[in-house]
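Trainee: Chains U and A, in that order, are what the protein sequence lines are. One point on numbering: in our numbering, the residue at position 165 of the first sequence is 165, and numbering is uninterrupted. One point on numbering: in our numbering, the residue at position 213 of the second sequence is 213, and numbering is uninterrupted.
Bear in mind the hints are in silico, worked out from the structure with no lab data behind them. Everything numeric in this text was worked out from a predicted model, so none of it was measured. Note that beta-carbon positions come from the ideal geometry of N, C-alpha and C, so glycine has one too. Hints should not be assumed to be uniformly reliable.
Sample of chain U residues at the chain A side, in silico, Cβ under 10 Å [claimed, not checked]:
| id | residue |
| --- | --- |
| 1 | T51 |
| 2 | P62 |
| 3 | R133 |
| 4 | Y143 |
| 5 | N166 |
| 6 | L168 |
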Amino acid sequence: MSAFKANLCQHTEFTAVLYYRPQVLNRILVQNDPINRVDPWGLCTFEATFTAVGADQLVGRPGALGFVPPNGSLAINPNSFGLPYDTIEERIATQNEIRANVGNIQISAPGLSEYPTNGTTFTIGDVGDRNIRNSPVTRFDIYRLENASGFGRQTVQVTITGLPGNWLCPTR
Amino acid sequence: MLNVVLLVVAFITAVPYVAECDTIDLDAHGAGIWANGAKLPFADDEFTAIRSPNGVFSVSGSIKGLSLISNGKSSPLNIIVNPPLMEVLWAPDSQKFGINVSDGGLVGTWEAYIYSIDDHGDPVPLDIPRLIMSISDEILQCEPKEEPNIGIVAWLNDSKEALLILEVPPHSSCRNMGAITGFRIAVETKKIIERISEVELRRNWGKALGSRFITNH
Numbered sequence: 001m002s003a004f005k006a007n008l009c010q011h012t013e014f015t016a017v018l019y020y021r022p023q024v025l026n027r028i029l030v031q032n033d034p035i036n037r038v039d040p041w042g043l044c045t046f047e048a049t050f051t052a053v054g055a056d057q058l059v060g061r062p063g064a065l066g067f068v069p070p071n072g073s074l075a076i077n078p079n080s081f082g083l084p085y086d087t088i089e090e091r092i093a094t095q096n097e098i099r100a101n102v103g104n105i106q107i108s109a110p111g112l113s114e115y116p117t118n119g120t121t122f123t124i125g126d127v128g129d130r131n132i133r134n135s136p137v138t139r140f141d142i143y144r145l146e147n148a149s150g151f152g153r154q155t156v157q158v159t160i161t162g163l164p165g166n167w168l169c170p171t172r
Numbered sequence: 001m002l003n004v005v006l007l008v009v010a011f012i013t014a015v016p017y018v019a020e021c022d023t024i025d026l027d028a029h030g031a032g033i034w035a036n037g038a039k040l041p042f043a044d045d046e047f048t049a050i051r052s053p054n055g056v057f058s059v060s061g062s063i064k065g066l067s068l069i070s071n072g073k074s075s076p077l078n079i080i081v082n083p084p085l086m087e088v089l090w091a092p093d094s095q096k097f098g099i100n101v102s103d104g105g106l107v108g109t110w111e112a113y114i115y116s117i118d119d120h121g122d123p124v125p126l127d128i129p130r131l132i133m134s135i136s137d138e139i140l141q142c143e144p145k146e147e148p149n150i151g152i153v154a155w156l157n158d159s160k161e162a163l164l165i166l167e168v169p170p171h172s173s174c175r176n177m178g179a180i181t182g183f184r185i186a187v188e189t190k191k192i193i194e195r196i197s198e199v200e201l202r203r204n205w206g207k208a209l210g211s212r213f214i215t216n217h
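This is chain A alone, in the form it adopts within the complex:
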């Protein structure tokens, strides 16, 4: 009799748990889409300023565009605004930040915009993602040729390096759909320091990866 009672209790408690497993537990894995440490500027139907770690700067936005706020000065960032599909990742040194944004939908096309902040508090775009774009043809196995998704997932080595991911578009026109490759890039010299396989990325940098890569295979 006791066994039957325990079985019923276990069933009642297990059913809602199983139902919840269909969605990602974002709280358990941070809020970021590409980068676990990134923050979404648009939540609860309004924009929130994303402050730098030292509190001096912030990335602020409206539906019309994003800006870097520095000492009360607003410098517009020339980035497409796509409210549910954009995130900001500040470097620990508060002198650099990256923004991942999709110009379409969930599939993409995702782009990473990376900035440093100059002595005047103005944003300076760093053309780092282009380094990866130039070798995307080696990685993508798509017919016909397609554009990859690129995002920043972490700042490394005292903010001197950025870890970016190139993702093959996760749809079936690509034989390696959804495959990811990591790149450690020296920010100052704009050189690729290391190319990281998906296995290594998941093994060594798993905690840096956002929710997008928790369900991808």
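Chain U with its partners taken away, still in its complex shape:
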């Protein structure tokens, strides 16, 4: 408990940070471990809608981030994470920012376990199209799923770990 207090005291803007970026608390308390129930309310957890790209579609080409999106990676809406994606300058900066953090961020959606997603923890692979980016709820495209047409749209609970402190946790 004393360690907990010490951690809190090191963050003078704790209240504001907690309100806007709950993942920061998660980082402090449980080292981004979503299984640890010590701090279930501090995790970056929200409901998101998933759609899927077919297994043999969009193969072998780099996406907006400059690399070929791996199977099982997600196309995201940068705005959902507080990253601007309008002007050319914003796009370049946001693409660089995502690329620099791709290796740390994990998006976990256990509710998809009954689908052939080859696991339920995903990485970021690309930027979504306008249908993803303009969705009223946070939406992800999963790259290259077997029987994608049968997947349709699935809305499940999502937990994200490894978000940089300057990113927002999507609220919905």
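Once you've looked at the hints, dock chain A against the given chain U.
Mentor: The following block gives chain A in isolation, referenced to the frame of chain U:
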């Protein structure tokens, strides 16, 4: 014994071949994403000017934007730059060109920008893709409603016509995900001459299609 040796040799040579089949052989099918004949202005981490067939004009770019270069004059094109996801397709008459670009990622949203070049060497945008957008609701079976991808894949009939494709977004919120429909459009009158089914597109225009449609079903 000879059979065993041959079998081993065949296995050794086949393994790397099978591994390579996971990616598209772009050289064998041109470099284009939507159009087999298109060229990507951004390759090897830098922009390359894409010259017209007669060498008079070129589409040049930087990370800040694309321009039409004509007799040393640079005319900016009001198009989003997305380096890995854009391509230029010049018409054989060198008086028109199309640019396909995604404003997001691989899925899209892809748009076609089509220009003619006036007597002063300036680019004149031709609002041809809007013709297709207006009938996209008939084609897309998406819930909720979604925006299609549109790209130019060929110039036809002495550059008087353009062949454009409307693609249903290739993700599972659309029942006909990834389906494509072709449109032959008269550039001068801006009229749709022919609507082409996916089967006909693949049968009659397969060589014009870029790598995107080699793996789509």
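Trainee: A separate judgement is required for each hint: does it hold in the structure or not?
Mentor: Against the structure, the hints:
A hinted interface residue such as T51 (chain U) counts as satisfied when its beta carbon comes closer than 10 Å to some beta carbon of chain A; here the least separation is about 4 Å, so the hint holds. Here the hint on P62 (chain U) is kept, as its CB sits about 4 Å from the closest CB of chain A, short of 10 Å. Because the closest C-beta pair between R133 (chain U) and chain A is about 6 Å apart, less than 10 Å, the hint holds. For the restraint placing Y143 (chain U) at the interface with chain A, the shortest Cβ-Cβ distance is roughly 8 Å, inside the 10 Å limit, so the hint holds.
Hint status for N166 (chain U) relative to chain A: violated, with the closest Cβ pair at about 22 Å, above 10 Å. For the restraint placing L168 (chain U) at the interface with chain A, the shortest Cβ-Cβ distance is roughly 19 Å, beyond the 10 Å limit, so the hint is violated.
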